[in-house]
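Per this note's numbering, residue 113 is the first one in the sequence shown, and the count goes up by one each step.
None of these hints come from the bench; they were simulated from the model.
Hints are not guaranteed to be accurate.
Unchecked claim - No more than 20 Å apart at the CA atoms, straight line, and that leaves these computed lysine to any residue pairs for SDA-like:
(1) LYS134 x GLY160
(2) LYS166 x PHE179
(3) LYS203 x GLU215
(4) LYS136 x GLN146
(5) LYS134 x PHE179
(6) LYS184 x LYS166
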Amino acid sequence: MSGIRQVSGGSGSSSTSRDGRKMKCKCGWDAILQTVKNGPNSGMKFYGTCNYFKWNSGDTVVDDLRFQLFEKETTISELELEKSMMEEKIKKLQMKKENAEEELQEMKMELGQMRIELMKTARNEKNFSMSLFFSWVFFAILVFYLK
113 MSGIRQVSGG
123 SGSSSTSRDG
133 RKMKCKCGWD
143 AILQTVKNGP
153 NSGMKFYGTC
163 NYFKWNSGDT
173 VVDDLRFQLF
183 EKETTISELE
193 LEKSMMEEKI
203 KKLQMKKENA
213 EEELQEMKME
223 LGQMRIELMK
233 TARNEKNFSM
243 SLFFSWVFFA
253 ILVFYLK
């Protein structure tokens, strides 16, 4: 309880804040420094009377540090979420790249097959042209001798 002085007297205890002012409720009673016993704020101090409640600001440094820690943890969580989203995006892009590479390989193989077929077709066409030419020559010679 740094900076807070407790004075016991009568049925309760009166507290003086760090700056020397007594905490008072609207009724004029001295506010009593109390401690939360259970719940999420367990162990925290507050001033309270009938219609008055105020957290003990003596721990503002701790509260500020808690808030800064909360902000940092929130930032870390946001960055971790962003990182996981980016990693997922990278995985999807890598899958897309792998699929495109596979498709490219298939197309290269298909292109090779088509070139082979084209060469065979060109050779066959040349052979057929030669056959046609020689058959006409043979026919012409045959007609010439038969006349």
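Results of checking the hints against the structure:
Distance check on the hinted pair: LYS134 and GLY160 sit about 12 Å apart at the alpha-carbon level, within 20 Å; holds. Restraint check for LYS166 and PHE179: the C-alpha separation of about 18 Å stays at or below 20 Å, so the hint holds. For the hint pairing LYS203 with GLU215, the CA-to-CA distance comes to about 18 Å; that is within 20 Å, so the pair holds. Note on LYS136 and GLN146: the hinted pairing holds, with a Cα-Cα distance of about 14 Å set against a maximum of 20 Å.
Proximity of LYS134 to PHE179 is assessed by CA-CA distance (about 27 Å); at most 20 Å being required, the pair is judged violated. For the given pair, LYS184 sits about 27 Å from LYS166 by alpha-carbon distance, which is inconsistent with the 20 Å threshold.
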